[in-house]
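Turn these sequences into a full structure, and let the hints steer you where they fit.
Letter by letter, the chains look like this.
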Amino acid sequence: MKKVWLLLLIATLLLPAGALAQDMPHAGVEIVATYMQSGTYDVGAENIEEAFEDATGIELELVASPWAVLNQNHITDLTTGTGEFDVMSGEFWIASVYDKMLPLDDLVARDSFGGDYIPTIWQPGPSGYFDGKRIGIPYSADAYGIVYRTDIFEEAGVSADWETWDDYFAALDKLAMHLEGTDIAPSVFSWGASEQTPAIFLGMYDGYLVDADGNYALDEESALAALNQMASLLDYNPEGAAGLSIDESNAVFLTGKSATMICWVSFMRASAQNPDASLVVDNWAVAPFPGPGFPFLSAWNLFISEYSENPEAAWEWVKYYINPEQSTQRFVELGVGSPYLSTYEDPELMEAYSHDFPGMVANLSRAQSVPWVFEAFEIFFRNTSELVIGSISVEEALANTLAGWADVTVPPALVQSAAAQGQQQDM
Amino acid sequence: MGEDHVMTWHSRHDLPWLLAFVLPAFVIVVAVQFYPLAYSALLSVQEWSLTESQEPQGFVGLDNFRAELGDSTFQRSVRNSIVITGGAVILEMLLGVCLAYLTMGSSWRMRAVRTLLILPMVIAPVAAGTLWRILLNSRAGLVNHLLSAIGVQGPEWLASSDWALVSVILLDTWQWTPFVLLVAGAAIASIPTDLLEVAAIDGASRWRTFLHVELPLLLPLLLLTLVFRMLESLLSLDSIYSLTFGGPGFSTYTLTFYIYTQGLRNFNFGAAAASSWIFMAFASLSIWLAFRFQRRDW
Amino acid sequence: MSRNKSLSQQILALLRLLILAIACLAVLAPLAYLVINSIKLPREFLTVPPTILPTEVTFQHYEELIDDSKTIRYFRNSLTVALWTTAITILSGTLAAYGLARMRLAARFLALITFLFLFIRFYPRVTTVIPFFLVMRELDLLDTVWAIIIGQLGITIPFVTWLMLVVFQDLPAEIEEAAIVDGASIWQRFWRVVLPIVMPSVSAAAILTAFLSWNEFLIASSVARRKASVLSIAVASFVSDKGIQWGPMAAMSVVMIVPMIIFALFAQKYLIRGITFGAVKG
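Protein sequences, first through last, are from chains A, B and C. If you read the first sequence in the numbering used here, its first letter stands for residue 1, the second for the next number, and so on. If you read the second sequence in the numbering used here, its first letter stands for residue 1, the second for the next number, and so on. If you read the third sequence in the numbering used here, its first letter stands for residue 1, the second for the next number, and so on.
Because the hints were derived from the structure by calculation, they are not lab data. Note that CB positions come from ideal geometry on N, CA and C, so glycine has one too.
Derived lysine-lysine pairs resembling DSSO-like cross-links, with alpha carbons at most 30 angstroms apart: (1) Lys-174(A) - Lys-257(A); (2) Lys-319(A) - Lys-227(C); (3) Lys-70(C) - Lys-319(A); (4) Lys-319(A) - Lys-133(A); (5) Lys-70(C) - Lys-227(C).
Reference listing, derived: stretches of chain B covered by chain C, where coverage requires no fewer than 3 residues with Cβ under 8 angstroms from a Cβ of chain C: (6) 114 to 124; (7) 216 to 230; (8) 277 to 290.
Next up, the structure:
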């Protein structure tokens, strides 16, 4: 008799477990996902970690590291074939290890993933591609923009409807006249964070980034024009602007000391509307980023490592973390730019962010990511930085950059990215 | 004669023990570090840039070395390293030895002052670099604010080529003078007091006592400190990383920052290994020179 | 004559006080600013002119640190790493230096060994990150504090060995001769005769080792990802592409400094005791 009871007991215990196993095909599996430690993407992941574990039975471990350490860890892990990380966060700068990432086309097609994205973000470039196959799923989107002081613009009778940089400069001239005698500068930018200077150049430059043969190159005439224009922008900045970091540049705008600022909007959005941190609450808006170039795009992707032992479980986390609801929530709670259209079409949000969304969407839909590996990026921004502090001339900056690029090979994945975004010289 | 005999007999008798003393340190240092070093030596004569290939692309002889030595950024990094390390180490040695003398004594006041003075060394270099970045900021920095209070217009510390170098020297000196203070202080404390007393009875002035009695005794340790500070300063990365990030432009690119950029940012493993060995050739020269001065019989 | 001398002595004493005061100020002002930053409100960080005295004191940055369970783990790991590294380094480094100094090796051979040690010490770690990672993987030590400790030992042991070698070589041989004649074993000589005399240098070496280990970043960041992460990585992580989180970083830096101050005070006591010992024996 006792035995029967025992058997029954075991059966009842097993029953839910069996049912569970059907709902949770990956129960008990352990996966590791990486994020950059920034208080945004990583916190967004931590916030839903438990819910994910409860829903899937997967044991998720999150690893957040500073930017440089994150990349170093990824590269070390992938080149040594260690396979410690299942899901990795990255962008174009880890293109050199793109061939170690799992192609995701089949999974995307099977689960019909990927609707509702801002179209440009879902394209090769912003989305990681290798050898014609998708390997990355974007989970953030931020484009360079220009924020401006609505109150000052109104007083000065200037409107923020520029299409080209010449229009923007004309507006700055008017602002300079209006602001004469005050300590408010027409414009500010984080010139001291030298890795940001390419954003200005790319906005002003009208030409290719990769030549017909697949090497890093620039159209020299257009590049010289852009560099000259970039250097002249400094005249509209406050005293000592050449040393400003991102924080400091933001502080200039938030303390009301400049009429416009060229910046990553997601880096200032939350503080700008926080009365504790800002003197310009409700007095600013996002303007379109001028052409003929494009607004620099930042779009973090999740990749699945080829060495992952549980790619299906890893994919579960990718789907759980990246979807319109989560992205909208991360935007609201943490200020992370969403790659989904629905975030920007949400009626409630549209009202709350009426000063922000129209400009932001316009910029995002024109934004492009660059096909530069970090070395190419570094050669460029170091030389433009020398230009900004007046150590070298415009011609030297260009000549040094091109000379430095001669030794740098473009990874195939980035040639494709350039071609897909129209950044390659015509054959 | 007899005592000499005793000593020789004993050292032979003690030899197994002495070997056992040396062994743990030797095993830990050589065993664990040997493979990484050999690997990097092998890499230095191979072409391997991660952007081009996942595997080393074959033996290229001394091409990496030739390319590095001819690279203008490499050359500029060497110049910057010499300026920064030279400036910082001279300042540190002078200040450190002076302060070590000024804080001699075992009163609680001097102990407190000594403890206070070595504090900068405790701060993580990354944090120290970032701290000085706010202090030296040309708009909102404390340094220029204080300078303007006494009527001096401060320079653009971090946005000018020359001042950025000065800033890095300043940070190194602030953080590492305590090292010299600590080692020199311990060395001074170890000088037998009777030696000084004899000198004092002989009527030698303080300065002469220092020059003829103390300095010769301190010299080996001071030299060691000098070489250590020199190599440490050449190697330091965290502080440059957080204070200037090598900028503006290439203004504060040091040799170590250059190697870091080549190795862990651009993943040109072959080039990074080659520049590391060039660096070590220079470091070896310094170590050898220090040996020469330290023990004349070597 | 004697009044003159005392006057010049007074001036010298005053000068000494003045120089020390300036030195303390130069050290303290930046540190004080760090502490102030850790209790400032975010909006007061980049004001023009800088906010020296915050209008409102906040402990929010410290509270955030304490609330985060990871802080405790980082702290414990850092402490483990620093303690073991210092203990192993001082023990093996001092012993090795004593052994090398008393072995009566041919000078050239001794120089060669020391040179090898130092070469390993000063080779740029950046280049050996990947092979060291592989070694640790083979030893199955990845993401453990032992990987960090072993990596750091490669830096600290050569340093302490060389430092102590110089110290032992400067020690007059007569000090030990009496003990040898008394028939003391090598251990007894080392512990009872030599060590007390060189104690100031040992404690200085211990302070330096502990500081180095506590702050070391590159080795730790290359072999520790999750379980074994340490405070220096945490401090670096407040510097992100979005700028710097000044408040939390200042708070974390202050938290990092406190244990080392306590340690320095403790080791200073031995530094002093060593001095008095030296006076008696020498």
